[in-house]
Structure formats: structure tokens, C-alpha cells
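Each chain, written out:
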Amino acid sequence: MRSRTPLPLWILAGAGLVCVSLPVVALVLRAPWDDIASSLRGAGASEALRLSLVVSLTATALSLLLGVPLAWILARSRIPGRSVLRAIVVLPIVLPPVVGGIGLLAALGRGGVVGQWLYSTFGLQLTFTTWGAILATTFVSMPLVVLATEAGLRSIDRRYEQAASALGASPRYSIRRVVLPMLGPQLAAGAVLAWARALGEFGATITFAGNLAGRTQTLPLAVYETRLSDPGGAIFLSLILVVLSIAVLVAMRDRITRAR
Amino acid sequence: MDVALDVDDGEMLALLGPNGAGKSTVVDALIGTLELTEGVIAIDGERVDALPPEQRPIGVCFQDDLLFPRLSALENVAFPLRARKVPKAEARRRARALLQRLAPAVDPSARPSSMSGGERQRVALARALAPDPRLLVLDEPFSNVDVSARPGLRALVREVTRTFGGATVLIAHDPLDALTLADRVALLDAGRITQTGTPDEIRAAPSSHYAADLVGVNLFVGELEPLGDGAATLRTPDGEITVSPEAAVSPGTRSLATLKPIDVSLHAREPEGSARNVFRGQIVEIADDGDRARVRLATRPPLTAEVTSGSVARMGLRTGGEVWASFKAVEVSLQIEGADSAQPQAGTLGR
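Protein chains in written order, with our numbering: chain A, 1 to 260; chain B, 1 to 351.
Just so you know, the hints here were simulated from the structure itself, not pulled from any lab data.
Just so you know, not all the hints are guaranteed correct.
To be verified - Here are the simulated DMTMM-like pairs of lysine to aspartate or glutamate, each with C-alpha atoms no more than 25 Å apart in a straight line:
#1 B/K260 <-> B/E201
#2 B/K85 <-> A/D34
#3 B/K88 <-> A/E161
#4 B/K23 <-> A/D34
#5 B/K23 <-> A/E161
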């Protein structure tokens, strides 16, 4: 039997599709393909791309390193005020990134709460450095890892861990050999989401780490800087981001739908 | 919960009780998932109740096997060895040998999700035995296993628990498992042990209504000999009964048979009627609680009948007196074991 879809539905759905696809199509149409080589060179594309990959991948790794233990505490420990703790941890997801940047400045800037001490004691300065960009990116990415991992942990039957310890496994061995492998799909999903978020990070990075080519200027920052001086270059930089994002989406679909 | 149990090496104690009796609590206390509020757990004279689970010399087989889903059969069996820092090559060699013996039909590289319930439980048994435990805890190992795979698994459990060198506690929901496998049975009800004894003792003299209903069955073990009309004779060392198998059986098929005492009728004179099993014998014992009476008979094979106390008085039954007993072939429920399970062999099942 053919189901009949009412005409207004078609029209609205079409408008929706145009709304999301038109800008991307327009980027392809408006790109000055004739002088692609000189545009890319002029916009510092390779430098920005390299920095984007370094920053986003390092931030993803940091998000996993810190976010998984945090998810563990949220899912498994019986500490008081856990829901408050969870709200704090996932706050960056809803917070405007620029607010995160201001917060990071107040905390870790040269005159910041902790930054002042870091600078006077170790001579360590995070603002305007690649590590500053990585830190700002981790700030916005890590909550995604925490959420995905915590959901995954809650879905694992605790009795597998009890079985592991009854069979002689220390808690650490049980985590490494039993829990983490079972958590694989959720960890992968969390990592891919975090990476996608890291790749597009703009507000927190430019506020906290500044916009220095070769040090903190990732692709989105480079697009922002060149959009007036070199519109063609900005379009090509944007297209690089589009291609990377599509790659992320494909990887993500693969990860999320893969059966346990 | 208040439970006192002891088990010797090479011995199997079955803990039998209904759901909610506290069987899982005993398992949790033994493996250390649950802390004792009071009391002692000792293995070979050494207290283990203060040890964390991973340091207890205990192997466990869980009801729903709990094989680790992301590890292969071989890795699952090697797990307890690797967890105890046995070198990888050595652990894999020992795991492979165990798998070969207990689950020869299982591909060592297969994941649990691709195995049958019976195969999974065999791998789980191998995993429990891998670290040479002093105590083996089997938590309802047959309940998630296909009926057709149970006899082979039972035979395997019987063999390995006698030979692995330690003691075994079998947690059982099905009385038949407890009665046919264990050396001793402890009945658990509402957190207390109500009776302990050999399967024969418990079966012959259950100490309560509950126990009588649970384990007070007539149990026959023997070989089937088909009769022409679809029925069969079950030959046991103590005599023969006529049974009614659901499908055709080949001569010599080994089988377990159970018969509820309430299905055995008693008669003062030789009964007429359709019952194919009619026996005459002396009354050995009458256990009358004023409501129901269990009457034990020295027939061949020996039988236990359950009648009302009123019938005992009306028929004038007394210990030492003679009486006729009858039951229908269809009242006997059969558990065919297959012709070859008399010598339990790891290789005979998993087909």
C-alpha cells in the first residue's frame, strides 16, 4: 500500500532541506576554483589544518583521559551531591563557548586565580599558546565524553564486574579486561562526538588563547580572520571543515550503529 | 540468614530451596560480594571471609554463565589465570587444555554470543576450574541450558567435581539435580537450613511438608527396554517398573524416572484396574503427621506412597503389615539420559 504524504508536509520538509544544504552548496558554487592553489596558500590553509588536527585530536585524547574516570565516578560511586556534580561537568555543553573562554581567562590567564600562581612560580603561561587552545577545546569537548561514557556504564550489568572479581581479578584488571572492552562502542561514540565538537570550536579558543597564526589559529579562527581580507580563501578553508565534518559523520554512523 | 554448612574435598553439597530462600545470599557470601555481619567462612581451616573476592580460592559458575562478552572462549577460560599473573603463554596453554577436555565442541576463538547455552555453561565451568580452586560454587548451572543438553552437562559436572580436588557447593532449584548429583543435600527455607542428609535420607524421610513436596519423590535410575505397545520397562538394580516414554526408545537407554508419592495408590487386596504397575510388599515405616502420611514400602523397587491420615486408619495400615501398591505408567516422568552417559565423557555432548 502506498502511503500518501500530504503536500504541505513535502513543502515544509523541502524548505528545511534547503535551509541546511543551501549554505554548503553555495560554498561550493562561490569558491574561486580557478585560483584554488594560490587562495589556499594565501589563507595559510595547511598551517591552520595542521593546527586544527593537533588541537582537536589532543583535546579528544585529554577528554577521554579525564572524562572516562569522571563518568566512572558519576555512574558508580555513591558520593553525595552527585547530581550537582553532573550538572557542573556537563555545563559547558549549554554554556556559550565565549563565556567558557572568559572563565578560563579568569582562572588561568596571567592574572587569573590559578594562572597568576602558575606564572609567578613556574613561569608558565597558557594564554596565546597551543596548549591554551587545547585546554579551551577540552573544556567544551569533555562533557560529551562524560555523558556517552556514563550512559554506557549504566547499561553494563554490574554482575560482570562481580564475576570478574570472584574469578580473581583485581578491580583494575577487571576494568581493563572486562568493563572497558564492553564499553567500547560508547567510548568510540563519545570520542567521535568530542572530536567533532573540538574541530568546530571557536568561541572559547579565540577568547582564551587568542588568534595567533601557527599557534592558536585553528581552521574556524582562520576562516573568521580571512573572511574580509580574502573571501575566496575563507571559502576554501570552510570547505576543508565541511569535508572533515562529513568524514566525522560517516565515522560516527559506523560507530554508533555497530552491534555489540 | 543463618546457615552452617561444611563440605569435604571431592564431595558435593547441594543447597536446595525455593526462590527467595536465600540461595543467592549464600553464593554472594561465599564469593565475597556480600560481607558477613557475623560468622566464619573457612577453606582448609583458613578463614577467607575477610579476604576480598579476588583473593579467595573459589571458582564460580554463575546461573546465567556471565561469560565476558568481548572475550573469546579461550580468553574467558584464561581470565582467572591472567588475573593471577600467570604468564600469557602458560595461561593460554592451560585454558586450551581445559577447553579441550570440558568443551571440545567449542571453537576456542568463538565469542560467547555465538555459543549455545550448554556450550557457554561448559566454558563457564572450565573458567571456574582454571585457577585450581579449593571450593567450586555452581549456582544453578543447568537452569539456562536447553533440556536436551542437560544430561551431558550433568554427567560432566559429576565427573569434574569428583576429580578436581576440591569441594563443591551446588546451588539447586531443581530437586532432581540435587538428588542425582550431590553427596549430601541441605534444604534451605526462609534463610535457614531445615534438613541435611544424603539424597536417599532426605528423599526417604523429608522433615516437613515442604521438604516432602520438594524432594520426597520416588526416584528410579535404570535402563529402558521397549515393550511392544509403546510402553517400556525400566530396569533398575532394585526391580522393574513399567513406564510410558513419549517417543520410541532404543533398548539399553539410560533414564532417570520420578514418581510422586501421591500418585501411588495403596490397597488392602490385589487391585483390579488399568494400572500397569502393581506391587506387594511390607510396610517399613509410616510417617503420619495427623493430616498426611508417607508410607514406605519394601517392594521391589522400594516405593513411598502418600495417603491421607484417614486412609491409614480406615485400611488398618501398620508398620510390618503387607499391602498392595499400584500406579499408572503415565504417572512416571522420565528423563532420558542417552545410552552413553553411564561413562561421563566430555566429548559425548555439545552436539
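Taking each numbered hint in turn, which are not upheld by the structure, reported in ascending numerical order?
Numbers 2 and 4 - these are the hints that the structure violates, sorted from lowest upward.
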